[in-house]
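Chains A and B, in that order, give the protein sequences.
1 is the number of the first residue of the first sequence in the numbering used here; add one for each residue after it.
1 is the number of the first residue of the second sequence in the numbering used here; add one for each residue after it.
Hints should not be assumed to be uniformly reliable.
Once the Cα atoms are required to be at most 30 Å apart in a straight line, the calculated DSS-like pairs of lysine-lysine come out as [stated by the list, open to error]: (1) A:K92 - B:K173; (2) B:K173 - A:K45; (3) B:K66 - B:K279; (4) B:K104 - B:K173; (5) B:K104 - B:K66; (6) B:K66 - A:K45; (7) A:K78 - B:K173; (8) A:K78 - A:K92; (9) B:K173 - B:K249; (10) B:K279 - B:K249; (11) B:K249 - B:K122; (12) B:K104 - A:K78; (13) B:K104 - B:K122; (14) B:K122 - B:K87; (15) A:K45 - A:K92; (16) B:K279 - B:K104; (17) B:K279 - A:K45; (18) B:K66 - A:K78; (19) B:K189 - B:K122; (20) A:K78 - B:K279; (21) A:K45 - A:K78; (22) B:K189 - B:K173; (23) B:K189 - B:K249.
Since the hints were derived computationally from the structure, they do not count as laboratory data.
Here the structure is a predicted model, which is why all the values come from computation and not from measurement.
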Amino acid sequence: MSGAMKRIVLGVAIMLSMPHAVQAAGAAAAHTTQVDIRNFGFSPKSVTVPVGTRIVWTNHDEEPHVVTSAGTGFVSSKALDTSDSYAVTFSKPGTYAYYCSIHPMMVGTIIVQ
Amino acid sequence: MHDIHDETHGRRQFLKCMAWAGAGTVWLMKGGVLQAKPFGDSAADAAKDATFSFVQISDSHIGFHKEPNMDVAATLRASLSQINAQKQRPDFILHTGDLTHLSKPEEFEFLSDLMREAHVSKTFYVPGEHDVIGDNGAEFFRRFGERQQAGGWYSFDHHGVHFVGLINVLNLKAGGLGSLGADQLAWLKRDLASLSAETPVVVFAHMPLWPLYPDWGWGTDDSAEAVSYLRRFGSVSVLNGHIHQIQQKVEGTITFYTARSTAYPQPAPGVGPGPGPLKEVPPGKLHSYLGVRDVRHVQGRHALAVTEEVLA
Numbered sequence: 001m002s003g004a005m006k007r008i009v010l011g012v013a014i015m016l017s018m019p020h021a022v023q024a025a026g027a028a029a030a031h032t033t034q035v036d037i038r039n040f041g042f043s044p045k046s047v048t049v050p051v052g053t054r055i056v057w058t059n060h061d062e063e064p065h066v067v068t069s070a071g072t073g074f075v076s077s078k079a080l081d082t083s084d085s086y087a088v089t090f091s092k093p094g095t096y097a098y099y100c101s102i103h104p105m106m107v108g109t110i111i112v113q
Numbered sequence: 001m002h003d004i005h006d007e008t009h010g011r012r013q014f015l016k017c018m019a020w021a022g023a024g025t026v027w028l029m030k031g032g033v034l035q036a037k038p039f040g041d042s043a044a045d046a047a048k049d050a051t052f053s054f055v056q057i058s059d060s061h062i063g064f065h066k067e068p069n070m071d072v073a074a075t076l077r078a079s080l081s082q083i084n085a086q087k088q089r090p091d092f093i094l095h096t097g098d099l100t101h102l103s104k105p106e107e108f109e110f111l112s113d114l115m116r117e118a119h120v121s122k123t124f125y126v127p128g129e130h131d132v133i134g135d136n137g138a139e140f141f142r143r144f145g146e147r148q149q150a151g152g153w154y155s156f157d158h159h160g161v162h163f164v165g166l167i168n169v170l171n172l173k174a175g176g177l178g179s180l181g182a183d184q185l186a187w188l189k190r191d192l193a194s195l196s197a198e199t200p201v202v203v204f205a206h207m208p209l210w211p212l213y214p215d216w217g218w219g220t221d222d223s224a225e226a227v228s229y230l231r232r233f234g235s236v237s238v239l240n241g242h243i244h245q246i247q248q249k250v251e252g253t254i255t256f257y258t259a260r261s262t263a264y265p266q267p268a269p270g271v272g273p274g275p276g277p278l279k280e281v282p283p284g285k286l287h288s289y290l291g292v293r294d295v296r297h298v299q300g301r302h303a304l305a306v307t308e309e310v311l312a
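Next up, chain A with everything else stripped away, as it sits in the complex:
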């Protein structure tokens, strides 16, 4: 899938998942993008978002997971039990790699442009 195509798909996914929040928050609100944690994986595994986007991870597994920054790019989460969420707003462009510190084969990337 091309980068442009990926962005379109993502855009649709964001609109589908956040219609009420976007309407209620009004035009000034930052974009919010959901990343689901399911079956020991981050979905989508890689997202490309504009500066100022708030990423919200939600754990849908029965197992706890931890959103852990692979560098010092952002603050890592505490343990997320089932249905727990964690949010980070990315204010600087860059590529932010992260993983689950207790299931390190779970990896993901946030690309902020």
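Dock chain B against chain A, hints included.
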């Protein structure tokens, strides 16, 4: 109300099943080959020529309360009851990690209280990845550490058998598996150096020390290096937890085992979308997926007899 009724009923059924604990399957390891025997007289016979025995339990996950096990304390207690019912009292227990589900102090406290119900003088612990969340295991080591080495790993000798407790759930790298790390490997090499090749060695750690199913994280990145130090020994048993089911492999004189969980089963490698709890356990059958492992050192042999007991 309907849900509450169901849950109460389910729990009653569950506890009724627990009353059956005591029957089960015994695995005897002789010369590298496992033999299944019904738990009972034959198991008692097998224990007769043992110099000592110990029990492995694993993955008690105190704090977990979802399907298929709403009461992990009860199933741990059932395992401890089995241990207490052994005719030959085990010398100690090995708990191969994931004592708790979320590393919470109250979960560690509860586990500690529960373990006091075992009529065994000593329990050795190694942490699972669930025991080191948020604090790199500080709380775990404060309560259950052996305080031999700064990194938490340790060894001891018991009736001529050398036991090594390794830690492979810390400093995990993105995209990787379990990890021992250079410091621990260097220590292990030194620790084993003075032993004669005839010394039986038992190594225990939480995550499998062999690439059991790396796609699900079931392995340890640098286990091959550790295993290379063990090859010169005539009898090596590697005991792990983490995957909540029995898997085993023989590699020369080294035999690898993973133990069942006392809390809940996980799917066979690669079966289903991921390694989460196996929720589709037939009613009343959960106990048959849970258990304890009893290892007997048979006098005059270098092989260890490993027996498996399920909770019914």
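query = Among the hints numbered above, which are violated by the structure, and what are their numbers in rising order?
reply = none
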